[in-house]
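One line per chain: the protein sequences are A and B, in this order. Last residue of the first sequence: 229 (the working numbering), numbering continuous. Last residue of the second sequence: 1418 (the working numbering), numbering continuous.
It is possible that part of the hints are untrue.
To be verified - With a cut-off of at most 30 Å between alpha-carbon atoms, the simulated BS3-like pairs for lysine-lysine come out as follows:
1. A:LYS19 <-> B:LYS1313
2. B:LYS1091 <-> B:LYS1127
3. B:LYS1014 <-> A:LYS113
4. B:LYS1091 <-> B:LYS1236
5. A:LYS142 <-> B:LYS1313
6. B:LYS1042 <-> B:LYS1127
7. B:LYS1047 <-> B:LYS1107
8. A:LYS113 <-> B:LYS1313
9. B:LYS1107 <-> B:LYS1091
10. B:LYS1014 <-> A:LYS142
11. B:LYS1175 <-> B:LYS1127
12. B:LYS1004 <-> A:LYS113
13. B:LYS1004 <-> A:LYS142
Stated by the list, open to error - Pairwise CB distance ranges, derived in the manner of DEER restraints:
14. B:LEU1003 <-> A:SER63: 36 to 42 Å
15. A:ASN116 <-> B:LEU1015: 32 to 38 Å
16. B:PHE1395 <-> A:ASP5: 44 to 50 Å
17. B:THR1364 <-> A:ASN116: 56 to 62 Å
18. B:ILE1288 <-> A:ASN116: 50 to 56 Å
19. A:PHE4 <-> B:GLY1303: 50 to 56 Å
20. A:GLY78 <-> B:PRO1381: 38 to 44 Å
21. B:PHE1395 <-> A:ASN116: 24 to 30 Å
22. B:ILE1292 <-> A:SER63: 56 to 62 Å
23. A:GLN214 <-> B:GLY1330: 21 to 27 Å
24. B:PHE1395 <-> A:ASP177: 43 to 49 Å
25. B:GLY1303 <-> A:ASP179: 24 to 30 Å
Read the hints as simulated data drawn from the structure, not as lab findings. The C-beta atom is built at its ideal place from N, Cα and C for all residues, glycine as well.
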Amino acid sequence: MTDFDYALDLQNVSFSWHKRHAPVLKITEWRVEPGRRIFLHGASGSGKSTLLSLISGILVPTSGHIKVLDTDLTKIGGMARDRFRARHIGVIFQQFNLLPYLSVEANINLAVKFGNRHDANNNEISALTQRLGLDRSILTRKAGQLSVGQQQRVAVARALINHPELIIADEPTSSLDSDTRDEFMRVLLESAALNRTTVIFVSHDKSLGHYFDQEISLHDLMQAGESKV
Amino acid sequence: MMLKLAIASLWNRKLTVTLTVLSIAVGVFLLLGVEHIRSEAKNSFSKTVSGVDLIVGARTGPLNLLLYSVFHIGNASNNISWQSYREFSQKPEVAWSIPISLGDSHKGYRVVGTSRDFFEHFHYGQKQNLAFKSGRAFDGVYEAVVGAQVAKTLDYQPGQSITLAHGIAKVGFSKHDDKPFIVTGILAPTGTPVDQAVYVSLAGIEAIHIDWQGGVHIPGRSIGAEDALKHDLTPKSITAFMVGLNSKISLFSLQREINNYRDEALVGIMPGITLMELWQMIGALENILQLISILVLFATLMGLSTMLLASMKEREREMAVLRAIGAHAGSLFFLIEIEALVVTVTGILVGSTALCIALLTARTELSEQYGLFIGINPFTPLTFQYLLGILAVSFVLALLPSVSAYRNSLGSGLVVRT
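In isolation and in its complexed conformation, chain A is listed as follows (with noise of 0.2 Å):
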């Protein structure tokens, strides 16, 4: 099913919020390959939010190449990056991933909706929440009567509902106790391991690293761009 080269592929990326500062995010080269599970740990205010927005095509790079499943970001338009984000990329955030005043059902019938799936139908919702040891009765229920942890199950499950070939986590477990976030850390990799969906975790919790393949401080992959030149 994978038919690119590398799930991610930067190239000589800068950005900076404003063109004459200081860019605060700058990376020579980094690639993954396919199917990998990536830790990236970082000091807050490091530039992780940032690379996770450059990546999945929120921000453009004020110079250099991002390639994600070898399209290349910075060459399509804001429109195509936003369809590409839809199809391509589930992305969970620390909290609040939901509209609160919408129902489970209908905030993951909302990713269906952008990612343009017609083929998408309630029983793949259901299943797949049943997948995540959400119980049916939930679905219906208003997004933001659910607890923290439950919240968060969702927004793992209107990551993966467009069978994503990436998914980008920004600290998605810093607001659940830990009986939670080891129960959510498995739920999300299982998940991911059925697809091969590359993973790409972002946090500063560095006890989190043994889940994954692969552990990267953010600080020594800008480094690592520096001492190449």
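Once you have looked at the hints, place chain B on chain A.
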């Protein structure tokens, strides 16, 4: 999908949204209300009298004469003599004339002393004749014809006995209860002040005042209803008269003759021209009212824009979530615009409904107190133009929060920075 999302999001903010909807409803109510009453009043006034070439009364302002003789608003300052009426009504160029004698009332409705010519020659609307819904015109001295609204409100049928009161207060304290009248006919509805009046013969007016002098009953001198008939019941004076001419050519010369009449100070007016003067006077006021209602509506739409803009800060996370699952920045722009339009449309619906209810409720009051006949349907092609205009203004004003949503979603990343 965006519409459903917009509605769900608005529902999530029920309280502020409801208040905004209500304020827009008030603005719409005001604008459409003013517009409706404005056009309906004009319509109602101009269709009240038709085919009357001149109205003649004691010298006074033309407007005053028109208002009291046709609309039954206000009072005559003076009467004119029967002689003068006789002289002018018998002129060769005069085709018909209708004498009018005012000053009495029945349960708050004006009593008009007139002749049978009234039923034959008075026209309203597009030269429509008066018609009887039941019964016939008065014939005898103590017979009366009532307007449609009078009959409906007081539930009168031909044969009903009524007493007239002196003066026009709703609660008349001096009654002509010694000389009751019999209702002989009920007029069909006209949508004009004709519906709000009781018509009797001039002789009837004369008869009930035969033992009165200077507006009070002469003590110790009572003349019974039967005895009164033995007296000469030719009136000594009337309030005004309407004239229809054989040919319009003589209109101005007759008017000049009336205005220059030596024996008595008279004035003759052309109802159409006086109505136009009235509109010119009211026009300025109307424009101010309209301007105020437009400004009020504009302010409420600004309020809508403010409400949306203020909510943008707390909705940054909502926007970030939508972006993360693949919404375009443009979709967020449209989301906010759709929200603005949903609120505006709801406001328009609430405001229009309230207006219809208000018109339905106030209709009787307006027609009875002010002689204004207002339709209950405020929707005209013009109204729809107004409503489209409101939507357009709402769209333009909502550009501010919408563009802000668009730009924020482009300028910031996945995570909401606080």
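Outcome of the hint check:
1. Taking the CA atoms of A:LYS19 and B:LYS1313, the gap is about 25 Å. The hint holds against a cut of 30 Å.
2. A distance of roughly 24 Å separates the Cα atoms of B:LYS1091 and B:LYS1127; the hinted pair therefore holds under the 30 Å criterion.
3. Restraint check: the Cα-Cα separation between B:LYS1014 and A:LYS113 comes to about 26 Å, which is no more than 30 Å; the hinted pair holds.
4. Distance check on the hinted pair: B:LYS1091 and B:LYS1236 sit about 20 Å apart at the alpha-carbon level, within 30 Å; holds.
5. The suggested pairing of A:LYS142 with B:LYS1313 holds, with an alpha-carbon distance near 22 Å, which does not exceed 30 Å.
6. The hinted pair formed by B:LYS1042 and B:LYS1127 meets the criterion: a straight-line CA distance of about 17 Å does not exceed 30 Å.
7. At roughly 26 Å between alpha-carbon atoms, B:LYS1047 and B:LYS1107 fall within 30 Å of each other, so this suggested pair holds.
8. With a C-alpha separation of about 26 Å, the suggested pair A:LYS113 and B:LYS1313 falls inside the 30 Å cut-off, and the hint holds.
9. Only pairs whose Cα atoms come within 30 Å are accepted, and B:LYS1107 paired with B:LYS1091 is rejected, the gap being roughly 38 Å.
10. Proximity of B:LYS1014 to A:LYS142 is assessed by CA-CA distance (about 16 Å); at most 30 Å being required, the pair is judged to hold.
11. At roughly 36 Å between alpha-carbon atoms, B:LYS1175 and B:LYS1127 are farther apart than 30 Å, so this suggested pair is violated.
12. For the proposed pair B:LYS1004 and A:LYS113, the alpha carbon gap of about 13 Å is at most 30 Å, so the pair holds.
13. At most 30 Å may separate the alpha-carbon atoms for a hinted pair to count; B:LYS1004 and A:LYS142 meet this at roughly 15 Å.
14. At roughly 40 Å, the beta carbons of B:LEU1003 and A:SER63 sit within the given window of 36 to 42 Å.
15. The hinted range of 32 to 38 Å is satisfied by A:ASN116 and B:LEU1015, whose Cβ atoms lie roughly 35 Å apart.
16. In this structure the hint that B:PHE1395 and A:ASP5 lie 44 to 50 Å apart at CB holds, the actual value being about 48 Å.
17. A hinted range of 56 to 62 Å for the beta carbons of B:THR1364 and A:ASN116 is consistent with their spacing of about 59 Å.
18. Look at B:ILE1288 against A:ASN116: about 54 Å separates their beta carbons, and that is inside 50 to 56 Å.
19. Judged by the Cβ atoms, the range 50 to 56 Å given for A:PHE4 and B:GLY1303 holds: they are separated by roughly 52 Å.
20. Between A:GLY78 and B:PRO1381 the beta carbon distance is about 42 Å. The supplied range of 38 to 44 Å therefore holds.
21. One distance hint, 24 to 30 Å for the beta-carbon pair B:PHE1395 and A:ASN116, holds here, with the actual separation near 27 Å.
22. For B:ILE1292 paired with A:SER63, a C-beta distance near 58 Å keeps the hint of 56 to 62 Å intact.
23. The hint said 21 to 27 Å for the Cβ distance between A:GLN214 and B:GLY1330, and at roughly 37 Å that hint is violated.
24. Evaluation of the 43 to 49 Å hint for B:PHE1395 and A:ASP177 yields a pass: the beta carbon distance comes to about 48 Å.
25. Separated by about 48 Å at the C-beta atoms, B:GLY1303 and A:ASP179 break the suggested range of 24 to 30 Å.
Of the numbered hints stated above, those contradicted by the structure are hints 9, 11, 23, 25, listed in ascending order.
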